[in-house]
Amino acid sequence: GEFRRSQNWIGPSGSTIETAPYVPPPPEYLDDLLGDWERFLHERNTLPDLIQCAIMHEQFEAIHPFLDGNGRLGRLLITLFLIERGRLPQPLLYLSSYIEAHRQDYYDLLQRVRTHGDWMSWLRFFITGVTEIALEAVGQAGRLMDLREKFRARLRDKAKALALLDELFLNPYMSVSRAEHVLKVSNPTARQAVILLQKKGMLEEITGRTWGRLYLAKPIMETIELKGKGN
Numbered sequence: 044g045e046f047r048r049s050q051n052w053i054g055p056s057g058s059t060i061e062t063a064p065y066v067p068p069p070p071e072y073l074d075d076l077l078g079d080w081e082r083f084l085h086e087r088n089t090l091p092d093l094i095q096c097a098i099m100h101e102q103f104e105a106i107h108p109f110l111d112g113n114g115r116l117g118r119l120l121i122t123l124f125l126i127e128r129g130r131l132p133q134p135l136l137y138l139s140s141y142i143e144a145h146r147q148d149y150y151d152l153l154q155r156v157r158t159h160g161d162w163m164s165w166l167r168f169f170i171t172g173v174t175e176i177a178l179e180a181v182g183q184a185g186r187l188m189d190l191r192e193k194f195r196a197r198l199r200d201k202a203k204a205l206a207l208l209d210e211l212f213l214n215p216y217m218s219v220s221r222a223e224h225v226l227k228v229s230n231p232t233a234r235q236a237v238i239l240l241q242k243k244g245m246l247e248e249i250t251g252r253t254w255g256r257l258y259l260a261k262p263i264m265e266t267i268e269l270k271g272k273g274n
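Heads up: the sequence shown begins at 44 in the numbering used here, then just goes up one per residue.
It is worth saying that the hints were derived from the structure and are not from the lab. Computed from a predicted structure; not experimentally measured. Accuracy of the hints is not assured; some may be wrong.
[As the list claims (entries may be wrong)] Okay, derived cross-link-like pairs now, DSS-like style, lysine-lysine, Cα gap no bigger than 25 Å in a straight line: (1) 227 x 201; (2) 261 x 203; (3) 243 x 227; (4) 243 x 203; (5) 227 x 203; (6) 261 x 242; (7) 193 x 203; (8) 193 x 243; (9) 242 x 203; (10) 201 x 242; (11) 201 x 243; (12) 227 x 242; (13) 261 x 243; (14) 193 x 261; (15) 201 x 261; (16) 242 x 193.
[As the list claims (entries may be wrong)] Ranges of calculated distance between the beta carbons of each label pair, as one might list FRET restraints: (17) 59 x 92: 49 to 55 Å; (18) 90 x 148: 22 to 28 Å; (19) 257 x 157: 45 to 51 Å; (20) 268 x 218: 20 to 26 Å; (21) 230 x 123: 22 to 28 Å.
Don't be surprised by glycine CBs; every beta carbon is placed ideally from N, CA and C.
Build the full structure now, drawing on both the sequences and the hints.
In structure tokens, the structure reads:
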């Protein structure tokens, strides 16, 4: 995207620049502000990584460098920062669900940083969110591992079906043509593997068609969507 060249503001629908709770810096200041923000982003060994990440996110949202999409990008930057610092091996932690569940607190606490310098409340909110999402991810990983072992036991020595099962944990949607490509086998052999997984309860056909069928590993999707139920 392109950095904004006009003034924006943040507030409820219908807000004007005069009534908005927060008006980001004018566009002519963006270069300097983003330069300072980037330098802070690359500082090391001055603050704990999570604290630096929380401050980085608040500063990005305060600058609001784009006319649209600042929130989505700001949340993505949290994950990318933690990966770059070696705190996450893969993009497995996203705060979007926590922020969405506590949307008003999120906006209020960002605003209190700007109006009252209340960093402590914002940092507490951020660290709590990271903790909750991390615990949820650990629980989800455990549930997926249990599910995988349960279905592997059902398939026993069916090598093609086992290979396809593992692929479903990377992408829960499957077609016969995709199975053919993944397994590097003929169409009839791929179809047999898909049908076996369907019979074992892992795959469900979701189009209702007799051609171009698409299958979904619903047990995997249901496990991914399950929140806060432990292992």
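Right, here's what the structure says about each hint:
no. : hint                  : in the structure
1   : 227 x 201             : holds, 16 Å
2   : 261 x 203             : holds, 20 Å
3   : 243 x 227             : holds, 22 Å
4   : 243 x 203             : holds, 14 Å
5   : 227 x 203             : holds, 10 Å
6   : 261 x 242             : holds, 13 Å
7   : 193 x 203             : holds, 17 Å
8   : 193 x 243             : holds, 11 Å
9   : 242 x 203             : holds, 15 Å
10  : 201 x 242             : holds, 13 Å
11  : 201 x 243             : holds, 12 Å
12  : 227 x 242             : holds, 22 Å
13  : 261 x 243             : holds, 12 Å
14  : 193 x 261             : holds, 14 Å
15  : 201 x 261             : holds, 21 Å
16  : 242 x 193             : holds, 15 Å
17  : 59 x 92: 49 to 55 Å   : violated, 39 Å
18  : 90 x 148: 22 to 28 Å  : holds, 23 Å
19  : 257 x 157: 45 to 51 Å : holds, 48 Å
20  : 268 x 218: 20 to 26 Å : holds, 22 Å
21  : 230 x 123: 22 to 28 Å : violated, 40 Å
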